Structures are given as structure tokens and as C-alpha cells.
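Enquirer: As you go down the protein sequences, you meet chains A and B in turn.
In terms of the numbering used here, the first sequence has 349 at position 349, counting the first letter as 1, and numbering is strictly consecutive.
In the numbering used here, each number is its position in the second sequence, counted from 1, plus 1000.
Honestly, I wouldn't trust all of these hints.
Stated by the list, open to error - Computed Cβ-Cβ distance ranges for the label pairs, DEER-style: (1) S1009(B) - T50(A): 19 to 27 Å; (2) N1055(B) - P180(A): 43 to 51 Å; (3) V417(A) - L1020(B): 20 to 28 Å; (4) N1103(B) - N387(A): 33 to 41 Å; (5) N160(A) - S1009(B): 49 to 57 Å; (6) E1099(B) - V257(A): 42 to 50 Å; (7) S1013(B) - P221(A): 26 to 34 Å; (8) E220(A) - D1036(B): 36 to 44 Å; (9) N1104(B) - I372(A): 36 to 44 Å; (10) V417(A) - D1102(B): 36 to 44 Å.
Hints are computed from structural coordinates only; laboratory data are not their basis.
Values in this document were obtained by computation on a predicted structure and should not be read as measured data.
Just so you know, even glycine gets a beta-carbon here, dropped at the ideal spot from N, CA and C.
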Amino acid sequence: MAKENLSDYRQVNEKTKFLVLSIFPVASLILAFFVSDYNSIINGLHMIITQPDVLLTDYIKVGGLGAALINSSLLTLINIYFLWKLKFHLGGLPISAIFTIAGFAFFGKNIFNVWPIYIGGYLYAKYEKKSYNSVIIISMFGTALAPMIFEVANALSPSNFSGLSFGIIAGIVAGFFLPPISAHIIRAHDGYNLYNVGFAAGLIGTVVMSFMKGYGFITEPRMILSTEYDLLLKILLSLFFVILITIGYVLNDNNLVKGYSKILRMSGRLVADFTYTSGFGATLINMGIMGLLGLIYVIISKGTMNGPIVGGLLTIVGFSAFGKHPRNSIPIMIGVFIASILNVWNTSSTTVIIAALFGTSLAPIAGEYGVIGGIIAGFVHLAVTMNVGVLHGGMNLYNNGFSAGIIATLLVPMLDVFRRRNER
Amino acid sequence: MNFEIKKVSKILSEMVTYALMGDAKIIDVSIENNGDMFRILINARNINRTLESINGLREQLNSPRQRAAEEYYWELAGDSDTGTELSLVGMMTDKAIVEYKDNNLYIELHRYK
């Protein structure tokens, strides 16, 4: 039984939404053949699949820009196809999941290593006698643990079929338990960390890595980053963000501001689906604006575009359908920026820039507790995110989501103390 | 405990919280456990809520059912004071009727199993 739609804003049919969602992967697919030839792409994909994927492994450096674009494109299109076949209503949650996949397919998720997580999710749905519709989004986010498959395989029996089998089994087990764990863990931060699976995956990754270290396995930290496509990526992404704003403008009855003030008024705390509250057009406008905002941050910080930064920008764009907007995200970025000036880290380094981009996972704190609360959250986030990666050995691609979960869990009750006092 | 039962009790808790925060003087609740669905009825008398708040409630409870969001976020429902959980309740239900007259609020929610 469908509910009556009481939203004031123009609703868009599902086919149009799917088409809009396919723009980025289809453009990536076409662009790949302009920047690389067929053989380079195949060789690049082989390199991407066979190398470890722990943080930070930039697929643009590992396999070349063409292969990285193809990897992102294929993975994203397959996931869009899943949602289409499952007759998904394309609200803010699936949109954020698709863009997260597209982004992380530039550094850690590839067309080979994600599938065990989906199989685990599918088995969980079968076991619980639920439709896969209810679990697939968690599986999509859960591919944060994709690097674990290679790491477990490598630890147990490198270059051996049995080692790979164990790795795949580990991925399936993680995928199986992620839905109940991520649903449970959300109570810790009360919905103030938008990358909730990152928090759950961080805990799982920490346990797995601790276990592996107990048997003498040490992960090699990686910092493989490309530098050669800085300007090209900035131009292409700017173009994409402007296209999103333009389509949003048209779908919003040729209006840039209608519905937007309603988005800005929301705290962004889970569950905030902008596509329903303000319409698909206004949501696309917000996604484009947030993408440009992220890009401006990269430029101000004098950062160089690479796979992880592209991933950070696309993830911001996705979650701008589901919680993020300029009012609640800018304070977090300011907090990280100030911390990078006052702390030992370099403001223009990739790790600091992605801390600011992914740190907007804490945007609901700024939305709920104001600018100061947001700046404090961002400030603390940088220090924590720089130190928690060692716990899971980079196996959890959402390292910032893990850090944000810890911060939100601690900071929200502290901020609540002052809010309650003000209310008395 | 069966998650299905916990979800229904969370939905009820959210609605009762909304009524109590509106300073309702008497709140009657009723749950019907039918073969294929739960029917949840809340009647809050002498509630002190603005028309804007009631319209917001009606809009949020009419969010389309989203089983993926429900599976992921259902534990958030029921005990918060910021109001975003009202749309979560909307995502966890298939039909929502909200009527408001003379400071009396009637809410009827249907949740198919």
C-alpha cells in the first residue's frame, strides 16, 4: 500500500532518478577510453585486483586513470542495476550508498573484492527470512571491509587457493554479521555519525586485525597516491557538480532556492532523507553545491587531487541527499582545518584533506549543537582519525567513519550536558 | 526478543513521546496484532501542539515505507527529542492517518508484517 505523498515539493519518477544516478558512472566509462587505451585498462584492472587494498591505495596510481574510472564505473553500474532489479525507491539512503561505492572504487573497492560482503548479506537475509531489499544497502556500505579479504588471504596462505578461500569466507562472515552489528551500534552515537557502517566495520576490523597480529601477521601501511591528474580531476568533478545543480534546477521547477531553506534547517541527524522532505530537485542542487564546497576546501588547502580525495568528494555528494548540507558541514571542515594548523599534520596532505571531507560524517553534531559544537567535533576528529587506522591496519576503508563514531559517542552526551543546562 | 515486536514497541514509544512532549493530559494507546499487520492507534487529548507541528508530524509519518532504512536505523526510533525519528516511523509504516481537532490528536498507523 503506497502512502499519500504530502511533501510540498515536486516528486520525480523513479526512472528519472535512476538515469540521473547513472550519469557519473556512464561518463566515467566513456572518459576512461579517452585517457587510456584498451590494453592499459585491462592491465590496470589486473594490477588493481591483485594488489593489497588497505588504506591508502590509490587505484589511479596503481592501475592508471583509465582502469580506475572503469573500476568505479562498473562497480557503480552493477549496484545501480541491483537497486533497479529490486525495484528500490531511490531515496536519500540508496543515493548515498551509490555515491559512496563510486568514490571508494578509486581507493579500496574493486570489481573483485566486494562480492563476499554481498554474499554474506544475502545469506543473512535468507537466514532471517527477510527480503534482500532490506539488507542490500548495508552490504553496499559494508564493502568498506573489502580489503580484509586480501589481507586474510595474504596472512594465511599467500598466493595459494586455500588462502584466498579463507579470505572470501572471512568476507562472507563479515557481510553476514554487519547488518545486526551496524543496526545495534547506532545506539552508541544516536545517529550523529552518518557513516555508521564505518563505525561497525572499524570495530570488526580492529578485532580481526588484533587476532591476526596475535599470530604474528603485521600489515604494511600503504601510502600510494597519484599526483599527475590534479587539474583534470578538478575540472571534471567541477563540471559534474555543476551538471547536478543544473539538473536539480530543472527538476525543481526552474528554481534554485525552493525547498533549499528546508534542507538547511534540518540538523542532518539520521534519518534525514532530503529527497522526501524537499524534493529530488532541491536535493540534487544540495549535492552539487556540497561537491563544489568540498572542492573549494581542497583548493584552499592546496591539496592535490587523487583517488582518496575523489572518493571523499563523491561520498560528500552522496550524503548530501541524506544529512549533509553547507550549514552543518562547514563547521566540521573549519574544525579540521584549524586542527591541521595547530597540530603536527600538514594541511595540504591527503590524509588531512580526506579527514576534513569524510569528517563531515559528524555534520549532524553541527546541525544539532551549532557552529561551535561542529568546530569542536572537527578539531577532535583530525587527531582521532590519524590514530585509529593502526587498530584495523587500514582494513576498514571508512577509517573516518570509525573515528567519527568514537567522537560522536563521546561528544554528544558532553554537549547534551550544556544544552540541558541552557534549557533549564 | 523478536525484532518485529521491538520495532512495533519503538514506533509506539516514539508516538507516546511526541504526545507527552506536547503536554497531552490523557493518552490512550491500542495495538491490534492482526494476521498480516499491526494497527497502532494513539489518542492524545488536550495536547499542546501548534498546527505547524501537527502538519510536520503528518508529513513525516507519510514518508514512504523504506525497508532498507528500517533494517539499518530502527534502533534509533523511540527515545529521542529531536524529531527526526518521526520520519523513521514513517519509513517503518505502510499507512498513516493523523487527525487533529479541538486539541485532540488521533494517530493511526498500519505496519504490514
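Enquirer: The structure should be examined with respect to each hint, and the outcome stated for every one.
Expert: Going down the list of hints, with the structure as the test:
1. Distance hint for S1009(B) and T50(A): a CB-CB separation of about 50 Å, inconsistent with the stated range 19 to 27 Å.
2. Look at N1055(B) against P180(A): about 36 Å separates their beta carbons, and that is not inside 43 to 51 Å.
3. For the pair V417(A) and L1020(B), the beta carbons lie near 23 Å from each other, so the given range of 20 to 28 Å is met.
4. A beta carbon spacing of about 54 Å between N1103(B) and N387(A) contradicts the range 33 to 41 Å that was offered as a hint.
5. At roughly 50 Å, the beta carbons of N160(A) and S1009(B) sit within the given window of 49 to 57 Å.
6. Between E1099(B) and V257(A) the CB atoms are about 33 Å apart, so this pair departs from the stated range of 42 to 50 Å.
7. Checked against the hint of 26 to 34 Å, the pair S1013(B) and P221(A) fails, with Cβ atoms roughly 46 Å apart.
8. About 55 Å separates the C-beta atoms of E220(A) and D1036(B), a value inconsistent with the hinted range of 36 to 44 Å.
9. Distance hint for N1104(B) and I372(A): a CB-CB separation of about 41 Å, consistent with the stated range 36 to 44 Å.
10. Under the hint 36 to 44 Å, the C-beta atoms of V417(A) and D1102(B), about 39 Å apart, fit the expected range.
The earlier numbered hints that this structure contradicts are 1, 2, 4, 6, 7, 8.
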